[in-house]
Amino acid sequence: MKFVAKIVLIAGLSYFAELFFPWWSVVICAFLINLLLPTKGFNAFLSGFLGVGLLWLVFAWAINANTNSLLATKVAELFELNKAGLIVALTGVLGGITGGFAALTGSLLRNINRREPAKPGYYA
98 MKFVAKIVLI AGLSYFAELF FPWWSVVICA FLINLLLPTK GFNAFLSGFL GVGLLWLVFA
158 WAINANTNSL LATKVAELFE LNKAGLIVAL TGVLGGITGG FAALTGSLLR NINRREPAKP
218 GYYA
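Its first residue numbered 98, the sequence shown is counted upward by one per residue in our numbering.
Among the clues, some could well be false.
As the list claims (entries may be wrong) - With beta-carbon atoms standing in for the labels, derived distance ranges:
(1) K180 / F113: 27 to 35 Å
(2) R207 / L167: 23 to 31 Å
(3) V172 / R211: 29 to 37 Å
(4) A162 / L129: 42 to 50 Å
(5) A102 / L178: 35 to 43 Å
(6) M98 / E177: 43 to 51 Å
Just so you know, the hints here were simulated from the structure itself, not pulled from any lab data. Quick caveat: nothing in here was measured; it's all calculated off a predicted structure. Cβ coordinates follow ideal geometry from the N, Cα and C atoms, glycine included.
Start from the sequences and build out the full structure, keeping to the hints where you can.
So, in C-alpha cells, the structure goes:
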C-alpha cells in the first residue's frame, strides 16, 4: 500500500510542479519523496519510474489527442517510424527513466549514512 501511495504522491506532486516549473521539476519531486520516505533500491526506482512515466504518458497522449496527432506524426516521420503512438510511448518511457533514477538517487542518499549492525565474528 505504501508503494502505491508513493506512486500517487510522486505523480500528483509532479503534476502540480510541471504546471509552474520546467520539465525537470519532476526529478526534484521524485528525489525528495524517496529521500523523505524510506524505500529500498528497486522499489524506489520503480516508484519513480511508474509515477513520472505514467504522468508523462498521460500528458503525451492528451497532447496527441488534442492536436490530432499532428506533432507526433511529424516527429515520427523525422525518425522514420510508421506510427505516431510510438512517440507517445517513448515519451512515457523517457519520463519514467528520468523519474526512476531520481527516485533511486534519493533513496540511496537517504541510506548513505545508515550503518547496518556488524555481524558476530566480523569487525566493522
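Results of checking the hints against the structure:
no.	hint	in the structure
1	K180 / F113: 27 to 35 Å	holds (32 Å)
2	R207 / L167: 23 to 31 Å	violated (43 Å)
3	V172 / R211: 29 to 37 Å	violated (44 Å)
4	A162 / L129: 42 to 50 Å	violated (31 Å)
5	A102 / L178: 35 to 43 Å	holds (36 Å)
6	M98 / E177: 43 to 51 Å	holds (44 Å)
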